[in-house]
Amino acid sequence: MAIRVTFGEPICRQVGSREKEVSLRKEDSETSITLVQLARRLGVKIEDSEGSLMILVNGKVAPHTSHHELPLQDGDHVELFVPLAGG
Amino acid sequence: MKTIVGKTAIIDLSARTVAVEDTPIQLVYHLLGGRGVNMAYLYRMLPLKTDALGPENVLIFGTGLLTGYPVPNSGRMNISAKSPESGILGDSNMGGFFPAAMKKSGFDRLVITGRANWPVYVLLSNGSVEIRDADPYWGLIVPDTQTALEQDLGKGVRSAVIGPAGENLVRFATVMNARKNAAGRCGMGAVMGSKNLKAVVAAGDAPLKIADPPGLRALRKELTKYLQASKIIQIYGKVGTALLYEPANKLGAMRTKNGQMNQWSSNLNASEIDPHIDRMTACSDCTVHCRHVNKYGGEGPDFVATALLGANTGIDDFTEVIKLNNLCNDLGIDTASAGTLIPWAMELYQRGIIDDKQTGGPLLWGDVERVRGLLVDISERRGFGDVLADSSQSIPLGKMPPEAADYLIAVKNLPQSDGHDPRYIKSFALGVAVASRGADHLRNRPTMDILRLPDDLRERVYGAPTEGDPTVYETKERVVDFSDKIFAVCDALGICRFVCQGWNSPKLLGYRHFSRMIKEAVGLEVDPGDLDEIGRRVIDLERLINQREGLTRADDTLPRRYFEDPMPSGHTKGHKIDRKQFENLIDCYYELKGWDLEGNLTPERTAEIQEITKIARMSPD
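So the protein sequences, as listed, match chains P and X. Under our numbering, the first sequence has 33 at position 33, and the numbering climbs by one with no breaks. Just so we're on the same page, our numbering is the position in the second sequence counted from 1, plus 1000.
Chain X with its partners taken away, still in its complex shape:
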């Protein structure tokens, strides 16, 4: 059976040229699609040491191999480039309806280089690409941009847009489709802004060619039934990720006031959210429906926004947290970075490391109006907002003093993404330290580590014995390695993390299911063992990209606070990360990956990946 692939468009905004070709089948065989194939293009096309906000940066919109196909939770894609926030690989995953619409417009992937001379947007429809004038939309906030594009192009179009933050090159600007679906991490919106690219619009709705339509219909029915029987899926559908706040807080694992505290108000418990919510909503082909439509004109908040714009910022009023979440989405700002950087500045102010002269006035915990004003100032790069708009790069740029680094909760210059303080759960700490895009939970979080599953069940899932106690270091490399690989495969397929085996459940969809989905949808035969190897390959490829940018073992580490300051209260009181045991754990992780003690791939593995990726066009070599 012939494998079905779509098209890849190479778009040079400087020259205003577009080349369209079949997506290279060799890349699909070895990396599937989405994040996997994006990384091949990034590896091959990104000039060495390029300025992330310069025209040479390569911006890649890549749908997953299964994005848009009628299989459960296949509504996702990845946007990748060199990150202006971290300075290493940038990669951000988003759901919503744009990813499927992009695939149905005829495109697996857009590889965008150069910089337009004036604001433009890219229109995709039925296999064609047009670069159009975006002057009328420049300066609009996210929902207004989307509405204006719909008015001008038709109600059915789906757009991925930037807001003022992206236009003003805020290093943690998002790419947004719909009200809340964000490619939030790593500043992909700033890369769009640097290219004068306001939006990518998908106007096509052609049905996708399916390898075995009856087989896929039957499989979809079977998998939907299987997923809907899961307790975890049912919980997400009722309460969304807001549920996570209370257990984390009760445990004493809530990032609070920049990690100086680890517990916060019960006002932000999921049980308090109902009065603020109209209904739950979903992405395309979703079986979960995890997202709240709130009463204040937006969607969310998820756990990240609740924890970081709430507890971490010292705010305990749920109404205000939801409104701040909506504001971030309207301006195109990553809630995770904003909810880490503003508390960072608040602690620096509290300690006298920065003062009114720099901040332009008091910067106090829980000051909602100040936070609201700062978000707007960040998006406009105004006053102290201009300092925070540079995120962790504000230190090397000389806008923040060097000692500020001691209080920054970031790894590889990326502020930590989620609300969990990982000092207690050692596998979470390892995951945050080694994640390829910086401090992030969505790359490899072994969430099952707090489920206290029976030993034999854990062994079946992880393929080897592991420790059930979340506070010990031994064997945690195995659970992170498992998560690394299966989540990379999920991202390469365009499947949502919430239905992926290992994400809060030992059930859900694993390699065995993915293998069947791929065969029925696109006709590619790939067995579960091959998928595990593809996951490993994506991680190795990302390692090569980062090493080329200068990263070493020393970068696989944690914020100073996690090593030195014990957690102050609750069940987790006294926990911190022991440096020696942590370094031993890194050794074990590298060994499992087949890397040397410095974290380098073998020459043979490097050569293998170079061979696989060489078909990605316009190599810098």
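Isolated chain P, as found in the complex:
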């Protein structure tokens, strides 16, 4: 089991794939990580001066305030998108 991460455009171009699996570090007795930690591990910026990524955890939008707190565990599915909304 691992955390499954799906990348929307154009993040997938940046990380070189549409999907990755991130394993918790059992050797460090890691049982969960936060979204911020996950993003750091993947080399993805989730917030900059032009806004935040839209992050879904198991199909639900993870509120901005939860990025530092929400514990992700093996089996969770995280999806990262740039939330543009024009036309």
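Note that these hints are calculated values from the structure, not bench results. Just so you know, even glycine gets a beta-carbon here, dropped at the ideal spot from N, CA and C. Any given hint could turn out to be false.
[Unchecked claim] Stretches of chain X that chain P covers, calculated by requiring three or more beta carbons in the stretch to come under 8 Å of a beta carbon on chain P:
hint	stretch
1	1223-1232
2	1247-1259
3	1263-1276
4	1439-1449
Let chain P serve as the given structure and place chain X on it in line with the hints.
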């Protein structure tokens, strides 16, 4: 420093006369150009309650004040008239290369009245206007018309043309320049068709007079660098607006099967587009390059076409969606209206409100061949295509039953333009409801409302505290008001929305930048506060035009479905628009605008706008 202006041509196609004058400087001071000045002419020259497809309608081609100048993303213009689709003000913005070519042919604006006795085109070159016979081009599709005009007039000419849909008065016919650059909304192509006007051709390429050439060169360099550092600009350049499909779909905000569903296939994600695309392309003076050149002989699709000809129509094959997009462009049909009206008819058929007798055969979700055939039939006004060619007017014309209105996703009789279902994001819903041309996202969409920006940054942009949660109603009048004004200024300048502050980014170009661009390019000193006021003035002027056509507060509303049917799936499941809270929001919006609770301007403001616009010629008063 003297402000540089070009010429305005008043063309009467009935009398075959042309009068050319300097663009009135007072209109430039108060409304800049493009959409702003177009509205002054529409307000002053459009006879009351005129038939949009009659010779009395006034068709205005207006370049922005900065169109064609060497500043970033200055390749746009507006085409305006009374809309045959909505029956209110019609106004449509387009990019490409024609707008700059029109300006370089010597013209800021063409004001076209009357109706030619036979097909004609208008040729612009170096300050002169000729009305020429268009018989050889009548009946040709869009790319063939453009190619034939190039063959006859020279490779360098740029043309804005109509296809069969415009000739046959399809109420959502486009005006096209190049393969995809469309003045798509409001049926401006049908207005051209009603005037027997097949094309406007710009053959000039005279350099524009610049107030401060070295200053403008330095500013262009600075702004280009600034824009190219934006993450958002880089994304548009790589993926185009096709990017928008996946986040909207994942969120559960995708208009699907006429809004009965809110999520669709991942086959239409931007990540699937690469095999269909040759390269990205751009409009004149563009720093973004958002448009795909596809492998099937056309350009696009953008998000609108992908969402509405795909998800909304129940089609999940990207190849077919791209081909349908190309077909719309070749025939001169607005993808937004077509991608709303065909699904509307499909739902009516699904519910038994219309049947085979009216439709001439099954009308089923996802039937690509049926959709393809319908697009051709619409353009030729053949069979059931003739019914859909009348868009929302098919109901008052008696071609669709009255109960069909309950399922039409339109506001002020204009089908909704984009693929986002606004039931979840309340500011989007307000924007669609109050947009001056009807249900449209390009008038005022506060796209930043889903970026979850920090409170202090939002306050800096909007000038007042606003709620960050997209699902609440409170303070959303402020974000729509901000977008209303700055987008109106962008359209008056001829600047692309994609580089405008507030369009998916708190950065990009704002009033401060526009002020410098205007000064260096045309020598007009206008400070950022003045620009905000000009944006407000354009919105107020548009309000007056629509009220004269009979619109009231009751028209600032949403389709029934958005109030009554909760979104069925995904993260947005259960969301809809609460009528009471929505009406409160309308109150707040009107108050912020300085309008009364019925949406009327004060008598003083009305008088002020009448005074400003009175110089626009041939007043109906």
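Structure-based check of all given hints:
no.: 1; hint: 1223-1232; result: holds (count 3)
no.: 2; hint: 1247-1259; result: holds (count 4)
no.: 3; hint: 1263-1276; result: holds (count 3)
no.: 4; hint: 1439-1449; result: holds (count 6)
When held up to the earlier numbered hints, the structure conflicts with none and fits them all.
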